[in-house]
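K.L.:
Going from the sequence shown to my numbering is simple: count from 1 and add 222.
Just so you know, not all the hints are guaranteed correct.
Said to hold, decoys possible - Below are the DSBU-like pairs computed for lysine-lysine, each with C-alpha atoms no more than 35 angstroms apart in a straight line:
{"hint": "1", "residue 1": "K334", "residue 2": "K308"}
{"hint": "2", "residue 1": "K268", "residue 2": "K372"}
{"hint": "3", "residue 1": "K308", "residue 2": "K363"}
{"hint": "4", "residue 1": "K352", "residue 2": "K334"}
{"hint": "5", "residue 1": "K334", "residue 2": "K372"}
{"hint": "6", "residue 1": "K352", "residue 2": "K372"}
{"hint": "7", "residue 1": "K363", "residue 2": "K334"}
{"hint": "8", "residue 1": "K334", "residue 2": "K268"}
{"hint": "9", "residue 1": "K352", "residue 2": "K363"}
{"hint": "10", "residue 1": "K363", "residue 2": "K268"}
{"hint": "11", "residue 1": "K308", "residue 2": "K372"}
{"hint": "12", "residue 1": "K352", "residue 2": "K268"}
{"hint": "13", "residue 1": "K268", "residue 2": "K308"}
These aren't lab readings, by the way, just hints derived from the structure by calculation.
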Amino acid sequence: MGAVPNSVLAHPDRLRGGHPQASIAALGSWAREITTNQPLIYALGKDSPFDRMYGLGAYILLLGVGHNRNSFLHYAESLVPQHRRKVRRFPYVIQRERLWVEAPDVGDDNGKYFPLLGAEADAAGLIRSKMIGSASCQLMKSIPFVDFAKLRLAELLTEAR
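Full structure from sequences and hints, please.
P.N.:
What follows is the structure, encoded as structure tokens:
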């Protein structure tokens, strides 16, 4: 949602993943590799566009939003064995029939750990912050950020049990 995603979706060269609820749109030379074959289960987890972007060493850029909107944190959590879980429910067309599908996925954070993880990653020097106009922007390399978040989430989720 917002101006940047709307611009990407409106671009004639954009490619978009096939997930009916959590699709990813991409532009550029890696767009096909990133968007192809997005799984229905764990839409942001292993073998997802986020997994492929992580493998490519992508950067994460947050424009005027906090880590409660950082989808790479859902990817990081999906790699933690004892992650939170939910069931996604969405309509899906199979052989021209519209069916309701249920698929397991990582649970919602609802601001519980993701803002803390962002602050800790910033304190660890993993994030570059800058104001662009009136928007607070944060840039980070996906590999060190996700690796940090995965370890920290494993600790936090173990403590919560």
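K.L.:
Compare the structure with each hint and give your call.
P.N.:
We went through each hint and held it up to the structure:
| no. | hint | result |
| --- | --- | --- |
| 1 | K334 to K308 | 16 angstroms, holds |
| 2 | K268 to K372 | 13 angstroms, holds |
| 3 | K308 to K363 | 28 angstroms, holds |
| 4 | K352 to K334 | 25 angstroms, holds |
| 5 | K334 to K372 | 15 angstroms, holds |
| 6 | K352 to K372 | 25 angstroms, holds |
| 7 | K363 to K334 | 23 angstroms, holds |
| 8 | K334 to K268 | 23 angstroms, holds |
| 9 | K352 to K363 | 15 angstroms, holds |
| 10 | K363 to K268 | 18 angstroms, holds |
| 11 | K308 to K372 | 18 angstroms, holds |
| 12 | K352 to K268 | 31 angstroms, holds |
| 13 | K268 to K308 | 16 angstroms, holds |
When the structure is compared with the earlier hints, no violation turns up for any of them.
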